[in-house]
Amino acid sequence: MTPTIRIQSAPFDPAHEAALIEEGRRDIGAVVSFTGLCRDEDGALSALELEHYPGMAEAEIARVAEEALARWPLQALTIIHRHGRILPGEKIVLVIAAARHRGEAFAAAEFLMDYLKTRAPFWKKEHRADGSVGDWVEAKAKDDAAAERWRK
Amino acid sequence: MKAFYFAWVRERVGRAEEDLSPPPEVATVGELIAWLKTRDETYAAAFENAAVIRAALDKAHVRHEAPIAGAREIAFFPPMTGG
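Protein chains in written order, with this note's numbering: chain A, 1 to 152; chain B, 1 to 83.
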């Protein structure tokens, strides 16, 4: 099974991506979809600028996907990550995992998001609602901890 | 070798990419950072807290102890905040 991996600036439609996975299949029992959105932080944020490392983003997400496929018997996998300017309410990242049973699909989707957070070469910069350019978002220790727990 | 800088490392260095020709005694990623810091105050400031800066060789994550021999491309960036 070859995962679908896309790095793009354009918006995506989770329902459409899930339909592509399910179309014509009679063997899939569970589809878990995770969508990450841009928050406005209680009105303080006007946009996020997502910088990425072209080439490595695709390669690193493919490596993470291979790790997921080695751990769980997935029947389909789609990962989409946007870059560029993203407005509050817009979607940033999509992971859809399909498997025979829900446990595998849930676990794989969570593993993929935990690993993407700490390994995919993307960086968020804040644009504030008052028009000023804000700070680079700092990596959170809890994201490292979330990725670390899968090593046990 | 080609060097790429991302996010606040890029902003502090003041450029997104450049060609680097380190002397032969620079063998590892960490030694390359130390050599960059000797170039001028801009690099010294950008790499001041070297321990937090992540590196990739030919588009794969590496630790600072990794040898750079044979690599065509090195990148420096802060911890990732995608997802």
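One should not assume that every hint holds.
When the alpha-carbon atoms are kept at most 35 angstroms apart in a straight line, the in silico DSBU-like pairs for lysine-lysine are as follows [stated by the list, open to error]:
hint: 1; chain 1: B; residue 1: K59; chain 2: A; residue 2: K152
hint: 2; chain 1: B; residue 1: K2; chain 2: A; residue 2: K140
hint: 3; chain 1: A; residue 1: K142; chain 2: B; residue 2: K59
hint: 4; chain 1: A; residue 1: K91; chain 2: B; residue 2: K37
hint: 5; chain 1: A; residue 1: K125; chain 2: A; residue 2: K152
hint: 6; chain 1: A; residue 1: K152; chain 2: A; residue 2: K142
hint: 7; chain 1: A; residue 1: K140; chain 2: B; residue 2: K37
hint: 8; chain 1: B; residue 1: K2; chain 2: B; residue 2: K59
hint: 9; chain 1: A; residue 1: K140; chain 2: B; residue 2: K59
hint: 10; chain 1: B; residue 1: K37; chain 2: A; residue 2: K125
hint: 11; chain 1: A; residue 1: K142; chain 2: B; residue 2: K2
hint: 12; chain 1: A; residue 1: K142; chain 2: A; residue 2: K125
hint: 13; chain 1: A; residue 1: K142; chain 2: B; residue 2: K37
hint: 14; chain 1: B; residue 1: K37; chain 2: B; residue 2: K2
hint: 15; chain 1: A; residue 1: K91; chain 2: A; residue 2: K152
hint: 16; chain 1: A; residue 1: K125; chain 2: A; residue 2: K140
hint: 17; chain 1: A; residue 1: K140; chain 2: A; residue 2: K152
hint: 18; chain 1: A; residue 1: K91; chain 2: A; residue 2: K140
hint: 19; chain 1: A; residue 1: K142; chain 2: A; residue 2: K91
hint: 20; chain 1: B; residue 1: K2; chain 2: A; residue 2: K91
hint: 21; chain 1: B; residue 1: K59; chain 2: A; residue 2: K91
hint: 22; chain 1: A; residue 1: K125; chain 2: A; residue 2: K91
hint: 23; chain 1: B; residue 1: K37; chain 2: B; residue 2: K59
hint: 24; chain 1: B; residue 1: K2; chain 2: A; residue 2: K125
Just so you know, the hints here were simulated from the structure itself, not pulled from any lab data.
Cross-check of the supplied hints:
1. Straight-line distance between C-alpha atoms of B:K59 and A:K152 comes to about 27 angstroms, which keeps the hinted pair within the 35 angstroms bound.
2. The hinted pair formed by B:K2 and A:K140 meets the criterion: a straight-line CA distance of about 30 angstroms does not exceed 35 angstroms.
3. Proposed proximity of A:K142 and B:K59 is supported: the alpha carbons are some 25 angstroms apart, at most 35 angstroms.
4. This hinted pair does not check out: A:K91 and B:K37 have alpha carbons roughly 39 angstroms apart, beyond 35 angstroms.
5. Distance restraint check for A:K125 and A:K152: the Cα-Cα separation of roughly 32 angstroms lies within the 35 angstroms cut-off, and the hinted pair is therefore satisfied.
6. Distance hint between A:K152 and A:K142 is fulfilled; the C-alpha atoms sit about 16 angstroms from each other, no more than 35 angstroms.
7. Restraint check: the Cα-Cα separation between A:K140 and B:K37 comes to about 27 angstroms, which is no more than 35 angstroms; the hinted pair holds.
8. Restraint check: the Cα-Cα separation between B:K2 and B:K59 comes to about 12 angstroms, which is no more than 35 angstroms; the hinted pair holds.
9. Using a Cα cut-off of 35 angstroms, the hinted pair A:K140 and B:K59 holds, with the two alpha carbons roughly 23 angstroms apart.
10. Restraint check for B:K37 and A:K125: the C-alpha separation of about 25 angstroms stays at or below 35 angstroms, so the hint holds.
11. Taking the CA atoms of A:K142 and B:K2, the gap is about 33 angstroms. The hint holds against a cut of 35 angstroms.
12. Pair hint A:K142 plus A:K125 holds up; C-alpha atoms about 19 angstroms apart against a cutoff of 35 angstroms.
13. At most 35 angstroms may separate the alpha-carbon atoms for a hinted pair to count; A:K142 and B:K37 meet this at roughly 31 angstroms.
14. Only pairs whose Cα atoms come within 35 angstroms are accepted, and B:K37 paired with B:K2 is accepted, the gap being roughly 17 angstroms.
15. Distance hint between A:K91 and A:K152 is fulfilled; the C-alpha atoms sit about 31 angstroms from each other, no more than 35 angstroms.
16. At roughly 14 angstroms between alpha-carbon atoms, A:K125 and A:K140 fall within 35 angstroms of each other, so this suggested pair holds.
17. For a cut-off of 35 angstroms, the pair hint linking A:K140 to A:K152 stands: about 20 angstroms separates their Cα positions.
18. Distance restraint check for A:K91 and A:K140: the Cα-Cα separation of roughly 20 angstroms lies within the 35 angstroms cut-off, and the hinted pair is therefore satisfied.
19. Between the alpha carbons of A:K142 and A:K91 the distance comes to roughly 22 angstroms, so the proposed pair stays at or under 35 angstroms and holds.
20. Simply put, B:K2 and A:K91 have alpha-carbon atoms about 33 angstroms apart, close enough for the 35 angstroms limit, and the pair holds.
21. Proposed proximity of B:K59 and A:K91 is supported: the alpha carbons are some 26 angstroms apart, at most 35 angstroms.
22. For the hint pairing A:K125 with A:K91, the CA-to-CA distance comes to about 16 angstroms; that is within 35 angstroms, so the pair holds.
23. Restraint check: the Cα-Cα separation between B:K37 and B:K59 comes to about 23 angstroms, which is no more than 35 angstroms; the hinted pair holds.
24. The suggested pairing of B:K2 with A:K125 holds, with an alpha-carbon distance near 25 angstroms, which does not exceed 35 angstroms.
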